[in-house]
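Undergrad: Residue numbers (the UniProt record's numbering): 1 to 379.
Some hints could be false.
[Unchecked claim] List time: in silico DSSO-like cross-link candidates among lysine-lysine, alpha-carbon distance up to 30 angstroms:
no. : residue 1 : residue 2
1   : 328       : 342
2   : 341       : 328
3   : 350       : 328
Since the hints were derived computationally from the structure, they do not count as laboratory data.
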Amino acid sequence: MSDVSDVIMTLAGPVAAAEVSGPALCREWLINDQSQLRKHSKDPRSSTDLVELQSLARVRRYPLSSLSNLHLNQEDALREATELHRAHGDALVAVSTPRRFQHDVEQTADALRKVAAEAKIHIVLGIAPPEDANFEVQVATVVSQLASGIRTDADAEGGLFPGFIGEIDAADLQSLRAAVEAHRVSQAPLLLVGEISHDALQLLEGAIWRRCAFFDVPITSPMSVAELQARGAFIGFSAPAGAADISWQEYPYRRPLRTEQDFHAATDLLSLTSSGLRFRTDLTAYGGPGLGYAVDLVSAGRAEPSQLTANAVAFLSYPWVAPLAPEKVIHEIPCHWCGTKKVEGEHFSKMGFDYCSPRCIAHHRRADFDPQICEVTKK
């Protein structure tokens, strides 16, 4: 078997590691719809306010209270990506929005590809197993989409190809099991989030650790980040929400680092990072620090930005192989009169008979299109 070079599979197609020179952000929810979380809001006023200057403080205290805060669209993503490129140049962004927070995976991928092209950045999209399927179907779906694309009628240049598996909540053992198997078969990068239990670790025994990243693992995790790092995995942390997480309530997928001091204290374990873009209050247009926040935060601390980019490139690179082009099937139609075969679509038809040429039609016409008569029978 010939060697296959590792590439980063972006939504614009495969990219060599040398083509990525700018900062890399590895866990962003650039487009999402978290409206299902609205029911978990604990705001005593049950606010449904838009995210505006006068409501900003309250929405940050209760981030699930505003439906406006729980949705980021293509326009929001483009604005943030454009500013990221303006401030930091050729950037790479791994979008890991959970499947449950996407209306349609193909629509999300198509929108993000347009954002990447217009903003002039690289976007790598994560893919997760479908929740309402058995193990075999979950694995087959992920492996197929990695190899052939989300939209199977498109080729590698115009297709919609995910570039990693994730994000996967490590507490969801069913999805984790399918994701690890798909990762093992495809060798694609695997991004996990949250606490890592001993049961989760058992499922991960078959993983390729150098192609695994664990993001935002809290200090309460049974398996510590130091233990995961010792196995060869990448460790990532998101910057604090809104530059400081001041929420008065817990909520699903909350990032563990709440302040910039917490983030800088984790620098020694940090090999990947993200701005944790998720809510409307994270956007610069709504008073947030924006998509480039983590880049600025890293630059202000002890971590080396270029090393984090190198780590992201190493994590997201894998031996992707382009799917084989399907064999062209040629159907040939025999001429009723002379027997000569013509490619379907290039033949002629008359009176329910197929012919290779108008000449054979004329010969058969003289026999009144008798089905028993042809050139062979006449001889």
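Undergrad: Hint by hint, say whether it matches the structure.
TA: Here is how each hint holds up against the structure:
no. : hint       : in the structure
1   : 328 to 342 : 16 angstroms, holds
2   : 341 to 328 : 18 angstroms, holds
3   : 350 to 328 : 28 angstroms, holds
Hint compliance for this structure: no hint is broken.
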